[in-house]
Amino acid sequence: MLRRQALTTGLTGLTGLAGLAVACAVALTAAPAATAKSTPGDSRTDCPRLSTTPKWYGDNREQLQRMIDEQGPCAGDHDGQRPVAAFDWDNTVVKNDVSDATLAWMLKHDKILQPRSWKSTNKWLTDDAHRALTRACGTSVPAGRPLPTSTDTGCTDEILDVYLDEETSDGKAAFAGEWNHRRTVPGYVWLTQLFAGHSPAALTAFAREARTQALAAPVGSEQKVGTHTMAGYVRYYDQQRDLIGTLQKAGFDVWIVSASAEPIVRAWAPGAGIAGDRLIGVRNVVEDGRLTHGVQGCGDVKDDTGGEVLTYMDGKRCWLNKVVYGVKGAEAFRLQDPEHRIAFGAGDAETDVTFVDDATAGHLAVNRNKTELMCRAYDNADGRWLVNPMFIEPKPRQKTPYPCATEGYMNSDGVAGPMRRADGSVVPDQKDRVA
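Start counting the sequence shown at 3; every next residue gets the next number (the working numbering).
To be clear, the hints were calculated from the coordinates, so they are not data collected in a lab.
You may find that some hints are simply not true.
[To be verified] The list that follows gives simulated cross-link-like pairs (lysine-lysine, DSSO-like), each with its CA atoms no further than 27 angstroms apart: (1) Lys174 to Lys125; (2) Lys330 to Lys304; (3) Lys226 to Lys174; (4) Lys324 to Lys125; (5) Lys397 to Lys226; (6) Lys433 to Lys397; (7) Lys121 to Lys174; (8) Lys401 to Lys433; (9) Lys433 to Lys57; (10) Lys110 to Lys251; (11) Lys401 to Lys57; (12) Lys174 to Lys110; (13) Lys57 to Lys251; (14) Lys57 to Lys397; (15) Lys125 to Lys304; (16) Lys121 to Lys110; (17) Lys304 to Lys121; (18) Lys251 to Lys324; (19) Lys324 to Lys304.
Whole structure, please, built from the sequences with the hints as guidance.
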């Protein structure tokens with residue numbers, strides 16, 4: 003499936019504070035660009051418009067509008083080929099994490115099922131974690147039956163210690179072994195494996211219950227789960243809902259690619275105008291109508307019980323290439339030609355950096371002080387990056403520069419090293435300038 007992706011100078015300002023007068027004067031194209039019927043410095047008035055409320059940082063709204071005007075089909079003949087936009091979900095489209103909200107609700111309502119063995123849930127789970135979970139949650143509940151986590155604080159706490167801290171309650175490592183750190187995180191995999199035994203529809207129903215509770219809770223509120231304190235609320239970002247809707251009206255094909263379990267995102271996506279066939283999340287293997295500990299693979303990685311590749315970092319690129327563009331095999335992990343890449347990408351963390359950087363016409367980084375993403379954004383190598391503070395409860399400006407030149411890039415073996423541009427040059431350390 004071909005998508006026309008003209009490389010334009012539409013997003014010229016890193017923070018959207020300069021360059022509007024020349025932003026659309028030149029189009030650097032890797033594919034034929036449509037001719038915009040506008041004068042230099044002006045946006046098309048016949049294209050769908052972003053709302054002037056709520057507010058964006060600086061002139062980010064104007065820069066995004068220019069990208070929409072120049073890339074959308076309303077700018078000219080696209081031969082029926084729509085530009086693609088892809089958004090991360092948690093803390094990019096919504097504030098806080100919908101998987102965490104769902105897990106909290108399930109723990110409070112006895113919806114986590116006893117596994118046959120904790121060791122069988124995840125291939126990287128350590129013997130120490132297996133013993134700690136078995137000790138805390140007991141063996142009296144038969145496999146496949148609900149654990150009484152609403153009342154059994156010890157079991158709830160141990161599950162959260164392993165998931166949130168990747169340690170047991172007594173401080174021992176919960177996961178060990180080797181994995182590709184640009185494709186997966188054992189703790190992320192294990193979270194989806196905790197949902198095993200339920201049907202995808204049941205998990206979506208649990209997520210809807212959690213959604214109702216999280217949207218009703220006041221902004222800034224927290225909740226107690228066992229003895230742990232977790233975020234108590236979730237909110238859609240009004241700016242992102244407006245951006246998604248405007249992109250859709252302008253003819254963009256808008257997708258969500260999330261490291262949350264896909265059935266959970268399915269409960270939330272309609273609130274941002276995203277249809278169910280435009281969702282890519284972690285996809286567990288389903289057998290006899292129920293989720294298993296197995297995770298669907300991507301590229302040349304087969305379905306497996308470990309989750310060797312998730313919708314995480316390079317895995318997000320792989321899944322977008324696989325689902326949106328039909329790229330098969332190991333080629334799905336590689337950067338594609340501009341005709342087979344997204345036009346616009348938005349994310350907030352390391353998990354998003356690869357696919358957001360792949361975008362040909364615009365990149366939006368929601369600033370959560372995450373090193374690799376912010377090094378790419380502030381370096382702004384192609385002049386098309388925008389940085390926006392978190393729309394709700396923004397983080398303060400980081401006082402020390404991001405260590406891009408020494409620890410800006412996570413290698414597949416888990417060792418951080420220098421971040422490099424496409425030409426091999428090292429990205430210098432970057433100051434946090436947008437907060």
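Hint-by-hint comparison with the structure:
1. Among the hinted pairs, Lys174 with Lys125 is consistent with the structure: their alpha-carbon atoms are about 17 angstroms apart, no more than 27 angstroms.
2. A hinted pair counts as satisfied when its Cα atoms are at most 27 angstroms apart, and Lys330 with Lys304 qualifies at roughly 12 angstroms.
3. Among the hinted pairs, Lys226 with Lys174 is consistent with the structure: their alpha-carbon atoms are about 24 angstroms apart, no more than 27 angstroms.
4. Distance check on the hinted pair: Lys324 and Lys125 sit about 25 angstroms apart at the alpha-carbon level, within 27 angstroms; holds.
5. A C-alpha spacing of about 23 angstroms is found between Lys397 and Lys226, which places the hinted pair at or below 27 angstroms, so the restraint holds.
6. In summary, the hint linking Lys433 to Lys397 is supported, as the alpha carbons are separated by about 15 angstroms, within the 27 angstroms threshold.
7. For the proposed pair Lys121 and Lys174, the alpha carbon gap of about 15 angstroms is at most 27 angstroms, so the pair holds.
8. For the hint pairing Lys401 with Lys433, the CA-to-CA distance comes to about 8 angstroms; that is within 27 angstroms, so the pair holds.
9. Proximity of Lys433 to Lys57 is assessed by CA-CA distance (about 24 angstroms); at most 27 angstroms being required, the pair is judged to hold.
10. Our distance criterion of 27 angstroms between C-alpha atoms is broken by Lys110 and Lys251, whose separation comes to about 40 angstroms.
11. A distance of roughly 25 angstroms separates the Cα atoms of Lys401 and Lys57; the hinted pair therefore holds under the 27 angstroms criterion.
12. Restraint check for Lys174 and Lys110: satisfied, since their Cα atoms lie roughly 26 angstroms apart, inside the 27 angstroms limit.
13. Annotation: proposed proximity of Lys57 to Lys251 holds, straight-line Cα distance about 20 angstroms (limit 27 angstroms).
14. Distance restraint check for Lys57 and Lys397: the Cα-Cα separation of roughly 17 angstroms lies within the 27 angstroms cut-off, and the hinted pair is therefore satisfied.
15. For the given pair, Lys125 sits about 15 angstroms from Lys304 by alpha-carbon distance, which is consistent with the 27 angstroms threshold.
16. Under the criterion of a C-alpha separation no larger than 27 angstroms, the hint pairing Lys121 with Lys110 is consistent with the structure, at around 23 angstroms.
17. For the suggested pair Lys304 and Lys121, the alpha carbons sit about 21 angstroms apart, so the restraint of at most 27 angstroms is met.
18. With a C-alpha separation of about 25 angstroms, the suggested pair Lys251 and Lys324 falls inside the 27 angstroms cut-off, and the hint holds.
19. Straight-line distance between C-alpha atoms of Lys324 and Lys304 comes to about 13 angstroms, which keeps the hinted pair within the 27 angstroms bound.
Of the numbered hints given earlier, the model fails hint 10 alone.
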